[in-house]
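Chains as they are written, first to last, in the numbering used here: chain X, 1 to 249; chain P, 250 to 437.
Derived by calculation from the structure, the hints in this document are not laboratory data. Careful, some of the hints might be misleading.
[To be verified] Pairs of lysine-lysine residues, derived as DSSO-like cross-links and limited to a Cα-Cα distance of at most 27 Å, are as follows:
| id | chain 1 | residue 1 | chain 2 | residue 2 |
| --- | --- | --- | --- | --- |
| 1 | X | Lys27 | P | Lys288 |
| 2 | P | Lys382 | X | Lys12 |
| 3 | X | Lys10 | P | Lys288 |
| 4 | X | Lys10 | X | Lys21 |
| 5 | X | Lys10 | P | Lys307 |
[Stated by the list, open to error] Rough simulated footprint, nothing fancy, chain X against chain P, three-plus residues with beta-carbon under 8 Å:
| id | stretch |
| --- | --- |
| 6 | 300-306 |
| 7 | 316-326 |
| 8 | 403-417 |
[Unchecked claim] Simulated restraints, written as ranges between beta carbons of each label pair:
| id | chain 1 | residue 1 | chain 2 | residue 2 | range |
| --- | --- | --- | --- | --- | --- |
| 9 | X | Ser19 | P | Leu369 | 38 to 46 Å |
| 10 | X | Phe30 | P | Lys420 | 31 to 39 Å |
| 11 | P | Ile353 | X | His25 | 53 to 61 Å |
| 12 | X | Ile120 | P | Gln270 | 48 to 56 Å |
| 13 | X | Ile151 | P | Asp296 | 46 to 54 Å |
| 14 | X | Ile151 | P | Gln270 | 32 to 40 Å |
| 15 | X | Ile151 | P | Asn335 | 34 to 42 Å |
For clarity, every value in this text was computed on a predicted model and none was experimentally measured. Every residue gets a Cβ at the ideal spot worked out from N, C-alpha and C, and that includes glycine.
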Amino acid sequence: MKSNFKQSLKSKILETIKSRKISMHSKVYFLARSLLLTSGVLLVVLILVFLLSFILFVDRANGLDWLWGFGFKGVILYLSLQPWILIIISLVLILVIEVAIRHLSFAWRRPLIYSAVGVIILLASFAGLVARTNLHDVLFKNAAENRLSIIGGLYRGFGLRQFKNIYTGQVSQTSASGFVLIRPDNTQIQIKYSNQTHFPNGPIKNDDEVFVAGRISGQTLEAYGVRKISPNEKIQSGRGRMYRWNLRP
Amino acid sequence: MRPVVLTDEEIVLRVQDGDIQAFGELVIRYEARLVRYAKKLLFNFNDHEDVVQEVFIKAYKNIQSFKAGSRFSPWIYRIAHNEFVNTLKKRLKEPLPFIDADAIFPHTVSREDPGRKQELKELSVAIETCLQKIPAKYREVIILFYLQELEYVEIAEILRLPVSTVGVRLKRGRESLKAICQHLNQHL
Chain X
1 MKSNFKQSLK SKILETIKSR KISMHSKVYF LARSLLLTSG VLLVVLILVF
51 LLSFILFVDR ANGLDWLWGF GFKGVILYLS LQPWILIIIS LVLILVIEVA
101 IRHLSFAWRR PLIYSAVGVI ILLASFAGLV ARTNLHDVLF KNAAENRLSI
151 IGGLYRGFGL RQFKNIYTGQ VSQTSASGFV LIRPDNTQIQ IKYSNQTHFP
201 NGPIKNDDEV FVAGRISGQT LEAYGVRKIS PNEKIQSGRG RMYRWNLRP
Chain P
250 MRPVVLTDEE IVLRVQDGDI QAFGELVIRY EARLVRYAKK LLFNFNDHED
300 VVQEVFIKAY KNIQSFKAGS RFSPWIYRIA HNEFVNTLKK RLKEPLPFID
350 ADAIFPHTVS REDPGRKQEL KELSVAIETC LQKIPAKYRE VIILFYLQEL
400 EYVEIAEILR LPVSTVGVRL KRGRESLKAI CQHLNQHL
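With the hints as constraints, model all of the structure from the sequences given.
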């Protein structure tokens with residue numbers, strides 16, 4: 001009885017295969033599928049390296065990395081000013097890569113945390129390397145001069161951001177309680193010190209060019225920190241600072 | 250002269266070369282095991298054989314992806330696992346998480362379990378009566394280990410999980426089984 005049943009299932013399956021004209025996928029099909037998957041993953045990796053290095057570039061181009069020297073409030077401000085939409089897109093793409101590589105035996109044989117950390121370290125390393133080149137500076141310059149059509153908006157949007165808590169300009173009329181900041185467009189802001197204001201690279205004097213962050217109220221800014229910008233930093237290739245000075249009002 | 254018994258992998262080579270009848274031999278070899286696996290995992294459906302039939306059809310369609318040098322058993326079990334899990338998702342809406350917390354971090358659970366037969370003796374009543382009541386991810390590991398008598402490494406390959414995660418699931422599955430049975434006032 002049991003063998004009859006076995007026979008019947010076997011016959012049923014063979015019959016189904018023949019009658020439904022089910023054919024096996026060819027080796028070329030599986031090869032093409034693997035190639036497509038590999039190409040897709042590589043493309044996502046390239047996009048991610050670009051995005052992550054761009055996020056690092058945006059931080060530098062806008063001087064956001066200097067906020068780390070402005071204490072706890074500076075760090076909070078740094079986090080709040082991050083291009084979160086790009087970070088969220090990057091996280092989603094990292095998840096896509098993680099899902100794709102979990103099909104590979106070297107990944108699923110180990111706990112997920114290992115492959116996830118591995119992917120993040122690798123991507124961050126590549127992004128760090130790309131961020132050290134002048135790729136984004138060149139693209140940014142072209143975008144600012146409207147010579148970059150497809151991704152120009154990305155650079156113009158994120159590279160030339162205006163923040164209501166961050167200002168750059170020249171120091172004038174210093175006093176014990178603050179100074180007047182003359183911005184590149186010649187408008188003035190009163191900068192007020194508090195006992196929590198940080199000066200990461202020393203005290204400020206008249207005519208210094210500075211980067212200031214804090215809480216603005218009317219035309220007065222209570223500074224979390226004031227950082228001198230040295231001439232080297234202004235023109236340093238790959239730091240994006242010169243673009244900010246040249247292009248932002 | 251005794252007839253030459255071909256291994257599963259040798260039969261697969263024949264099927265890959267276009268011998269459809271040889272595929273029938275694979276069906277005979279695996280049908281009983283897969284139906285048993287389906288019956289225990291998809292306990293509240295009556296069409297186990299249709300689901301198993303679909304497993305074999307998919308195996309046939311994808312047989313060219315079977316790589317020489319690998320073992321056929323984990324390969325077809327993997328197809329069965331995917332088919333059964335999809336069936337559970339579709340029909341029961343049973344929660345099968347996309348990312349399993351058990352597979353995220355490393356575990357120090359023993360990789361070997363020498364007392365399988367003794368444990369099976371102890372758990373046989375629980376498996377018969379309470380298996381249906383534990384979550385699918387634990388149910389499946391218990392089925393594969395105790396009823397299909399597969400090794401941790403084979404189960405890991407089928408489920409594509411680290412071996413230590415298989416150990417964790419088995420441990421939690423056993424605990425869950427015992428707890429549910431105790432709750433139902435049944436003696437193990």
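Structure-based check of all given hints:
1. For a cut-off of 27 Å, the pair hint linking X/Lys27 to P/Lys288 is broken: about 33 Å separates their Cα positions.
2. Annotation: proposed proximity of P/Lys382 to X/Lys12 is violated, straight-line Cα distance about 33 Å (limit 27 Å).
3. Between the alpha carbons of X/Lys10 and P/Lys288 the distance comes to roughly 19 Å, so the proposed pair stays at or under 27 Å and holds.
4. Pair hint X/Lys10 plus X/Lys21 holds up; C-alpha atoms about 16 Å apart against a cutoff of 27 Å.
5. Taking the CA atoms of X/Lys10 and P/Lys307, the gap is about 14 Å. The hint holds against a cut of 27 Å.
6. With 4 residues having a beta carbon nearer than 8 Å to a beta carbon of chain X, the stretch 300-306 of chain P meets the requirement of three or more and the stated coverage holds.
7. Beta-carbon proximity to chain X at under 8 Å applies to 0 residues in the stretch 316-326 of chain P; the threshold of 3 is not reached and the given coverage is violated.
8. Only residues whose beta carbon comes within less than 8 Å of a beta carbon in chain X count, and the stretch 403-417 of chain P has 7; three or more means the coverage holds.
9. The hinted range of 38 to 46 Å is satisfied by X/Ser19 and P/Leu369, whose Cβ atoms lie roughly 42 Å apart.
10. A hinted range of 31 to 39 Å for the beta carbons of X/Phe30 and P/Lys420 is consistent with their spacing of about 37 Å.
11. Evaluation of the 53 to 61 Å hint for P/Ile353 and X/His25 yields a failure: the beta carbon distance comes to about 33 Å.
12. Taking 48 to 56 Å as the suggested C-beta distance range, the pair X/Ile120 and P/Gln270 conforms, at roughly 51 Å.
13. For X/Ile151 and P/Asp296, the Cβ-Cβ distance of about 53 Å falls inside the hinted range of 46 to 54 Å, so the restraint holds.
14. Between X/Ile151 and P/Gln270 the C-beta distance comes to about 58 Å, which lies outside the given range of 32 to 40 Å.
15. For the pair X/Ile151 and P/Asn335, the beta carbons lie near 40 Å from each other, so the given range of 34 to 42 Å is met.
In summary, the numbered hints that this structure violates are 1, 2, 7, 11, 14.
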